[in-house]
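Residue numbers (my numbering), protein chains in the order written: chain A, 2 to 304; chain B, 2 to 304.
Just so you know, not all the hints are guaranteed correct.
[As the list claims (entries may be wrong)] Straight-line alpha carbon distances no greater than 25 Å define the calculated DMTMM-like cross-link-like pairs of lysine to aspartate or glutamate that follow: (1) LYS116/A / GLU189/B; (2) LYS116/A / GLU201/B; (3) LYS244/A / ASP139/A; (4) LYS244/A / GLU201/B; (5) LYS116/B / ASP139/A; (6) LYS23/B / ASP190/A.
[Claimed, not checked] To give an idea of the chain A side of the interface with chain B (calculated C-beta under 10 Å), a few residues: (7) ALA115; (8) THR167; (9) LEU174; (10) GLU216; (11) ALA242; (12) LEU248; (13) LEU260.
[As the list claims (entries may be wrong)] Distance ranges between label pairs, derived from CB positions: (14) ALA115/A / ASP279/B: 40 to 48 Å; (15) GLY92/B / HIS182/A: 20 to 28 Å; (16) ASP34/A / MET2/B: 24 to 32 Å; (17) ALA32/A / VAL160/B: 55 to 63 Å; (18) PRO98/B / TRP187/A: 35 to 43 Å; (19) GLY186/B / LEU248/A: 46 to 54 Å.
Rather than coming from a laboratory, the hints here were simulated on the basis of the structure. Treat the numbers as computed from the prediction; the structure is a model and nothing was measured. Each residue gets a CB set at the ideal place from its N, CA and C atoms; glycine is no exception.
Single-letter residue listing:
There are 2 protein chains.
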Amino acid sequence: MRDAEIIAADWGTSHLRVWGLKGDTVVHEAASDQGMGQLSRDGFEPTLLALIADWLPEGQVTPVIICGMAGSRQGWVEAPYRAVPCLPLGGLLAQAPCRDLRLAVHIVQGLQQAKPADVIRGEETQVAGFLAQNPGWDGVICLPGTHSKWVHVSAGEVVSFQTFLTGEMFALLSEQSVLRHSVAGWTEDGFAEGVAQGMERPERLMARLFGLRAEALLDGLAADMARARLSGLLIGAELAAAKPYWLGQRVAVIGAAPLAQHYAQALGTLSAPVSTHDAIAMTLAGLAAARTLLPPEEPPCVN
Amino acid sequence: MRDAEIIAADWGTSHLRVWGLKGDTVVHEAASDQGMGQLSRDGFEPTLLALIADWLPEGQVTPVIICGMAGSRQGWVEAPYRAVPCLPLGGLLAQAPCRDLRLAVHIVQGLQQAKPADVIRGEETQVAGFLAQNPGWDGVICLPGTHSKWVHVSAGEVVSFQTFLTGEMFALLSEQSVLRHSVAGWTEDGFAEGVAQGMERPERLMARLFGLRAEALLDGLAADMARARLSGLLIGAELAAAKPYWLGQRVAVIGAAPLAQHYAQALGTLSAPVSTHDAIAMTLAGLAAARTLLPPEEPPCVN
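So that you can see chain A by itself, here it is in the shape it has in the complex (with noise of 0.2 Å):
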């Protein structure tokens, strides 16, 4: 069991993904639903601990890296910010403070865009994650999600990104809002007419909203339909307002399954060249890619 050389940690606001690795071979796994935002500070070491205790060979440091929100000002300990343009990884990680030797735990650091503001979290290791394994690759990567990404990516730097709502809003609109009444299901149908709905007219958001509503009441608009829908026209006015990024680009979308395919579809209408990865292993090949930055010793970590 206890032999984990490191340790990788993808700790988002609402998860935790570990992994113990011996070079490149992933030999342990665990999640939790233990995020950022439910820890308080010195709460992060113990919930690390329950999932990993039985990994850490004893009597040795085992060098811990994590990306994600536990590096937000809210988090373990604050990750500053990299300015783009950059590489997605790089600087130093920064050092959680951690009271059981066995651990050296280190955090990747974001990124920050000047004009407009912006900030990246987590996601900067998801793409260096894809360029480890497409060495070379030019283009746009677009990273679904409560907050959606899209990264402007050249001769291995981020140029530029831009961050979207969009699957914020749609949470609280399905969840939350007056249409929570009249969303539930899928039909592709739905989803794909919201999004051409959406690119076309975009600036009608908010009146299209509403409409799902109304048609429920009026017309019956079946339930399947209204969500697919309500997400095909937040998904296609963040198409519409991205277009910039994707236009004449090609497009990897790095997200969970079946947002990523949702996507994807959206975007192969639009004749952008796709492809699909998977955010998890995105995240994993980020963190081992993140191996490099280890300061070259690694003194024990007290308190």
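Since the structure of chain A is provided, determine the placement of chain B on it from the hints.
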């Protein structure tokens, strides 16, 4: 005390306002937060009686006229929609079942539009009240709120209308999204800036929204600026989409302060001739006008 000739009520999703009228004079007034949203069908009558029982003359039937969501499918009784173009008030009032022999309860019908599918329930009464006070007025009436409405009025009729989810979106984003950490207070500058940005590039809305969070993190954007800009971005995007309504028209904004003033201010920057009118006063005027729709003889209402 017991001198109301008629009871008028505005019964929305989250509020109830009632007036006792004698001729055109308001002799009683009361309000509660017992909106339609928290009542089951048999909860309406006792809720109403709790406010008005003391106003009712004994030994006779007092008519009650209600507008708003109490007439929806989930309300006291469903008052069907009338199709535009039509007068804002008309058709048969829906009769609500009640046990108290002193009451005869009638609910105003809402309006529906076939294409684009849209519905109004409650605002038709405000429009009627405005037209009762401004006979012969042609133009566009803007009714900001949870679901803001734009209503094209000509020759006393509602020609067409359009609903935007703006107010609900603002509430969700400012109270429940990631932006809730960054928004509090108000500044006129922030609002004006948001309106300008929202009008200019409405399709960029979801990116601008995340930008508020990023600017707070990177540039220390003040919370009052951020909240006012959030409101401005949403209202600006609404104004961009509603341009076919307000362009070249005079606009009457009917709403509560300060929201109505914010809309009027934003419309003012677009050189639209704007007037503002109090929503409660217009509702009351509309309910008073609805008296002409009461059946000529009022039988006692028995369940």
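Hint check:
1. LYS116/A / GLU189/B: The hint holds at about 23 Å.
2. LYS116/A / GLU201/B: 18 Å, holds
3. LYS244/A / ASP139/A: 17 Å, holds
4. LYS244/A / GLU201/B: Within the cut-off at roughly 17 Å; holds.
5. LYS116/B / ASP139/A: 45 Å, violated
6. LYS23/B / ASP190/A: 56 Å, violated
7. ALA115: Holds, about 7 Å.
8. THR167: 6 Å, holds
9. LEU174: With Cβ-Cβ at 7 Å, under 10 Å, it holds.
10. GLU216: 4 Å, holds
11. ALA242: Check passed: Cβ of ALA242/A comes within 5 Å of chain B, closer than 10 Å.
12. LEU248: 14 Å, violated
13. LEU260: 15 Å, violated
14. ALA115/A / ASP279/B: 40 to 48 Å: Given about 45 Å between the Cβ atoms, the range holds.
15. GLY92/B / HIS182/A: 20 to 28 Å: 26 Å, holds
16. ASP34/A / MET2/B: 24 to 32 Å: Taking Cβ atoms as reference, ASP34/A and MET2/B lie about 59 Å apart, which means the hint is violated.
17. ALA32/A / VAL160/B: 55 to 63 Å: 57 Å Cβ-Cβ, so the 55 to 63 Å window holds.
18. PRO98/B / TRP187/A: 35 to 43 Å: Given about 40 Å between the Cβ atoms, the range holds.
19. GLY186/B / LEU248/A: 46 to 54 Å: For GLY186/B and LEU248/A the Cβ distance comes to about 39 Å; the hint is violated.
The structure fails to meet hints 5, 6, 12, 13, 16 and 19 from the earlier list, while all remaining hints are met.
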